[in-house]
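Peer 1: Working from the sequences, and respecting the hints, build out all of it.
Quick note, the sequences are listed as chains E and A, same order.
Heads up, the first sequence is in the numbering used here, so the first residue is 1 and it goes up one at a time.
Heads up, the second sequence is in the numbering used here, so the first residue is 1001 and it goes up one at a time.
Don't take each hint at face value.
As the list claims (entries may be wrong) - List of simulated lysine-lysine pairs, BS3-like, C-alpha gap at most 30 angstroms:
#1 A/K1101 to E/K125
#2 A/K1013 to E/K21
#3 E/K134 to E/K111
#4 A/K1259 to E/K125
#5 A/K1171 to E/K125
#6 A/K1259 to E/K202
#7 A/K1259 to A/K1101
#8 E/K148 to A/K1259
#9 E/K193 to E/K125
#10 E/K148 to A/K1101
#11 E/K21 to A/K1101
#12 E/K122 to A/K1101
#13 A/K1013 to E/K134
#14 A/K1198 to E/K134
#15 A/K1198 to E/K75
#16 A/K1196 to E/K75
#17 A/K1013 to E/K122
#18 A/K1101 to E/K111
#19 E/K176 to E/K122
#20 A/K1101 to E/K75
#21 E/K111 to A/K1013
#22 E/K134 to A/K1171
Stated by the list, open to error - Here are a few chain A residues that face chain E, going by a calculated C-beta distance under 7 angstroms:
#23 W1009
#24 L1010
#25 I1012
#26 Y1015
#27 R1090
#28 T1091
#29 N1095
#30 D1098
#31 G1099
#32 W1100
#33 K1101
#34 T1237
#35 L1258
#36 W1262
Treat the hints as calculated values from the structure; they're not laboratory data.
Even glycine gets a Cβ: it sits at the ideal position worked out from N, Cα and C.
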Amino acid sequence: MEQILSIQQISKSYGPVQALKGVSFDVPEGSVYGILGPNGSGKTTLLATILDVLLADSGTYSWFGGMPHDAARRKIGALLETPNFYHYLSAIDNLEITAAIRQNGSTDRLKVLEQVGLLERKDSKFQTYSLGMKQRLAIGAALLGNPKVLVLDEPTNGLDPNGIAEIRQLIRDLSKQGITIIIASHLLDEIEKVCTHVAILKRGNLLLQGPVNEVLVSEDQIEVISKDIETLRAALQAMPGIKRITNGDRTLLLACEPSVDTYAINEYCISKGIVLSHLLLRKKSLETKFMELTNDPAKN
Amino acid sequence: MLSLLSIEWLKIKRYRTFWILSAMFIVLLFLCNWLYSTGIMKLGGPANQILNSNYTFPNVWDNVTYFTKLFSGLLAIIITIITTNEYQFRTNRQNVIDGWKREQFFQAKWLMVLCMSITVTLYSFLLGMFFGLYNGSPVSGATEHMVKLGYVFILTMNYFGFALTLSFLIKRSGMTIISFLLYAYVIEGIAYQVLKWKVNQHAGDFLPMESAANLITFPVMDMARKMMNNEPLASSTLVGMSVGWTIVYYIFGRIRLLKSDW
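Peer 2: Right, here's the structure in full:
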């Protein structure tokens, strides 16, 4: 299966600020590839570089195994940073220009407007649109002409919860059709729900990348509370199979071997004469992993 | 090439500002020529009219092209607005993202400059023919001095290309328009005098906009210059300079656009 996108050692600085430091990864066909990172990590810079909006200082990238870049971009629907349209033109006229440049999709315009919920306002000038509507139009434009790949930079920016859910569903539907989707976001919740792969950036460095279920080692945590936290802590420290005990908010968080489950913890505590008032299994989310990685490089 | 032009047309055909400024140009040019030809308007003092009020062939070409030169700044401003809009809306980025090469964006804008130059030249031609025939002169005399129409084309390519290149470099509409006007009316004037003083009489004629401006002069001014021993350069030299500058704008703008971040 050919790589939709292959990035090799891309570096980019803006004067003294180095935005990207030798970033490399491949995006497999049909994946939903998330690019995560805190603000300023280089996500938009990276997407702008692979779309020829910015010029990298060094490194290369190739689309579809080496297609000329402009031809490749005509098969890609992209939303980069902000919705960019002609303010004095209506939605449908703006899409006409997009379709003309793409050499494709002119007959899709009404369909796409309906897909993003803008059909009623198709003749209103872009400058009259609200932020959410502008964002939807940008997503609609990206969908023109049935692209094989979508590149979305913070697609849910400016959307209300309904809109966010619609985008999530749209991404799922498109992925089922075999379309490759690259998403840059810091809405980890959303990424976790739809992505098959993830790359994590921080300050221009690629920290981790790979399939979501590899990068996101499901290290579950068990949360316990008892009347006497210190006694509880001492007893648990002696228990085999407990990897790590951290302090939560008036709780203890336990990272355990797979063999240790909540039943085992409960049994053990009873056997030591400790009564638990709270016992909860928490699935470690991408968010916690992400915060760990991006806040504490030592733990990496 | 046609596809680039048709996309540029899609961008401006519904842009009210473009139509208003174009209409202003069309009307003003006609009006000025009309008022001047009927003697209502005059340039210069009563005894020494700058332009010959004689709107018959072949003098009509001198007059019409002179007014065209005067108002071409208006159209240069349209070019600036259209181009800086792209930067303001960030549609320059979006055009590339959607599938244009950077080069195509650049060429599309120059094609528009070319089209506008051709249109203006055609309009001058029509005006000239109209006034010439209206004032009853025989068509046989029409072709003399008609080379001035060719000069209009070269001048508009120069001015518009200059405005376009400034727009690519400065990117903001206010600053670009101010810079263009400042250069055209102030800076180049000063540079002209300085060069004339420091180098020689003709050095100033080599400045970008001067080289084109000097192509379209009129008999009275030519005589005045002759009397001051400052006869203008041969038109072939001026044409060469003007075209040369236009090529410089093209190459400079192209290198800048291809090699910088958008």
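Peer 1: With a cut-off of 30 angstroms on the C-alpha distance, tell me whether A/K1101 and E/K125 pass.
Peer 2: holds (27 angstroms)
Peer 1: Within 30 angstroms, alpha carbon to alpha carbon, are A/K1198 and E/K134?
Peer 2: Since the Cα atoms of A/K1198 and E/K134 sit roughly 57 angstroms apart, the hinted pair is violated (cutoff 30 angstroms).
Peer 1: Need the status of pair A/K1198, E/K75: alpha-carbon distance at most 30 angstroms?
Peer 2: violated (59 angstroms)
Peer 1: Can the restraint linking E/K111 and A/K1013 be considered satisfied, given a maximum Cα separation of 30 angstroms?
Peer 2: holds (24 angstroms)
Peer 1: Against chain E, run the beta carbon of A/T1237 and see if the smallest gap drops under 7 angstroms.
Peer 2: violated (40 angstroms)
Peer 1: Can you verify the interface hint for A/Y1015: is its Cβ closer than 7 angstroms to any Cβ in chain E?
Peer 2: Since chain E brings a Cβ to about 6 angstroms from A/Y1015, closer than 7 angstroms, the hint holds.
Peer 1: Checking one constraint from the list: CA of E/K21 to CA of A/K1101, max 30 angstroms. Satisfied?
Peer 2: holds (26 angstroms)
Peer 1: Taking only the CA atoms, is the gap from E/K134 to E/K111 under or equal to 30 angstroms?
Peer 2: Distance of about 17 angstroms is within 30 angstroms: holds.
Peer 1: Check the hint pairing E/K148 with A/K1101 against an upper bound of 30 angstroms on the C-alpha distance.
Peer 2: Given that 30 angstroms is the threshold and the Cα spacing comes to 19 angstroms, the pair holds.
Peer 1: Interface hint check: A/W1262, Cβ to nearest Cβ on chain E, cutoff 7 angstroms. Holds or violated?
Peer 2: holds (5 angstroms)
Peer 1: Less than 7 angstroms between beta-carbons is the criterion; does A/I1012 satisfy it with respect to chain E?
Peer 2: Violated - the Cβ of A/I1012 stays beyond 7 angstroms from chain E, reaching only about 10 angstroms at its closest.
Peer 1: Please work out if A/K1013 and E/K134 have their alpha carbons no farther apart than 30 angstroms.
Peer 2: Within the cut-off at roughly 22 angstroms; holds.
Of the numbered hints listed earlier, those contradicted by the structure are 2, 4, 9, 14, 15, 16, 23, 25, 34, 35.
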